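Based on the provided sequences and hints, a complete structural model is requested.
Sequences listed follow chains C and E, in order.
The first sequence begins at 1 in my numbering and counts up one residue at a time.
The second sequence begins at 1 in my numbering and counts up one residue at a time.
Treat the hints with caution; some may be incorrect.
A partial selection of chain E residues facing chain C, derived with a Cβ cut-off under 7 Å [to be verified]: (1) 6; (2) 81; (3) 89; (4) 121.
Since the hints were derived computationally from the structure, they do not count as laboratory data.
Since the structure is predicted, the reported quantities are computational estimates derived from the model, not experimental observations.
Where a beta carbon is used, it is the ideal one built from N, C-alpha and C, also for glycine.
2 protein chains.
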Amino acid sequence: MDVDQPIAQIAAAMAEPARARILCALMDGRAYTATELAVVADTASSTASAHLSKLTELGLLTKVSQGRHRYFQLADPAVAQVLESMMHLAGVINRVIPVSTPQPLRFARSCYDHLAGTVAVALLQKWLQLGWLTPIKAEASEQQPDYQLTALGQAGLAAIGLDYLAKAHSRRRYACGCLDWSERTAHLGGQLGALLLDFMLQKQWFNRQLDSRELQLTALGRRQLQQQFQLIITAE
Amino acid sequence: MDVDQPIAQIAAAMAEPARARILCALMDGRAYTATELAVVADTASSTASAHLSKLTELGLLTKVSQGRHRYFQLADPAVAQVLESMMHLAGVINRVIPVSTPQPLRFARSCYDHLAGTVAVALLQKWLQLGWLTPIKAEASEQQPDYQLTALGQAGLAAIGLDYLAKAHSRRRYACGCLDWSERTAHLGGQLGALLLDFMLQKQWFNRQLDSRELQLTALGRRQLQQQFQLIITAE
DNA sequence: TCCATCATTCGGCCTTGAGCGAAGTATCAA
DNA sequence: TTGATACTTCGCTCAAGGCCGAATGATGGA
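So this is what it looks like as C-alpha cells:
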C-alpha cells in the first residue's frame, strides 16, 4: 500500500556502516567472496555473513556459490545508481567537501561497468559538443537524460572500431547520463557506456588496477583520446 | 577517507519508516508545516519534531519559520534524486518473495507465462548441456543472460513439434535467463520460455491447478521429459 | 491581556538489531 | 580419511534510538 515502506527497507539495508562499506566495495561490479567482504566491512566473518544474508534476501545482492566460496555481487545496476546518487548527495550537503578522494580515483575509475571520473565527464561533454550524442528530451520526472547516438556519432565510433550495436537487443537503457559523485555532473552510462569501457580496456587505453576501481590512463590512451575525440588530457 | 560513512548516514536518515513517509511527502517540492508532516508520518508531533530536526541537521531538509509555523522542504534536488532512484530500485527488486515455499510450488509453477521451479531450472541446465542453447555473452553485470537457440536446438524442438518461431516478430526478448526465486538460479524465460510452457500444457505434460501457479507433472510429462530431453525426474 | 494553537524539549519505556565467539556444515587438498 | 579452509548458525550481550505524554516556549487573534 505504501510507496515509502520499500524506501525505508532499502535505506535501512544501506544504513549500517558495515553494509555501506560492503556495497561501496561492490560498486565496481565485480564479485567478491564473503571473507573479502568481511575484511572490507571490518567485522567478524559471522557478522559479515549476517549482513550479506540480509542484503541478499532484500535483493540488493546476488550470491553465487563456487566450490567453498560464495561470491556476492550487486544484483542490479539500479543498486549502484542509488549509491551513486547518495554519494552525490553527500557531496551536496557537506559544506566541507570531502576532498579526501585520492586524486587518481577522481580522474578515472570504473562505475559499475562504465567509465567515471574527470575524464568520463569530459568525454561526455565532448561527444555532446561534437554532436555525436544528442539528449532525448525526457519527462520531468526522469532524473537522468537519455541520449541518442547520431549518424555522426555512429560514423565516429565505427571509425575507431567500436561496435556500438553489440548487445543492442538488451532491454537496458542504451545511453544515459550517470551522475558522477566526484565530479557532480553526468558521465556516460548505459549500454553504450559499458561498451565504451570494454573497448577502451581491450585496446589498453586504460589499465585496470587490481583491487580498486581506479583506472590508469596509458600513453596510448592519452594519444587516442586526443586523436579520436579531440580530448586533451593535460595533467592528472 | 571513508567514502561510505556519509552513505550510511544518509541511508540511516531515510531508514525510519516515519522519516521515509515525510521525505516522500516532500518530494513534490512544496514546503509543509511540522504538524502536517506529523500527520503524514503518523506519529505524535513530538516524535515528528525529532525526526524533522534530525533530517534538517543532516542537511536533507531546510526549515523556514513563518509566524508560528515551521515550513520544511527538501534541501536540494539531489535528495529527491536519491529517493527516486530508490523507488526505481524498489520496483526492480520487488520480484523477491523469499521463504517457506510449499514444496510442490518449488517443483513446478508458472512464472508469468513460462515454466519455473526446480524442473525449469534443471531443464535450462540440460538444454545448455545438450548445446541446444548457448549464452550470448553478456557483461558480468547483466544478471540475466540472453540465449541463442542453436541449430541443434532448433532441430530438437522441431522434432518434438514445438514451433519455436511462432511470434518471432515480437519485440520481446527471445530467450533469456529468468532468476528463479525458489531455486536462486536461472530458468528459461522470454518468448521461447512462453512457447515452451504453452506447448507442454497443450500436450498435457503438465496440468494447471486452479487458483494457483502450481503445475502438476503428469505421467506423460515425466516420460516425455526423460525421452526428449534426457531429463530424469527422480522424486518431487 | 489571555487563550488557543504550533512547535520543541525532556524523561522514561521498550524494541530493534549489531556485535562477538564458538560450534556446526560444506568443500578442497593431500 | 584427515585436516584445513570457507561460511553459516546459534546464543548471548548491549547500546542506539524510536515512541509517547507532559511540560515549556513561541506566536497570533480576540
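Status of the hints after comparison with the structure:
1. 6: holds (4 Å)
2. 81: With a closest approach of 5 Å, the residue 81 of chain E hint holds.
3. 89: Status holds, d = 4 Å.
4. 121: violated (14 Å)
Hint compliance for this structure: hint 4 is the single one not met.
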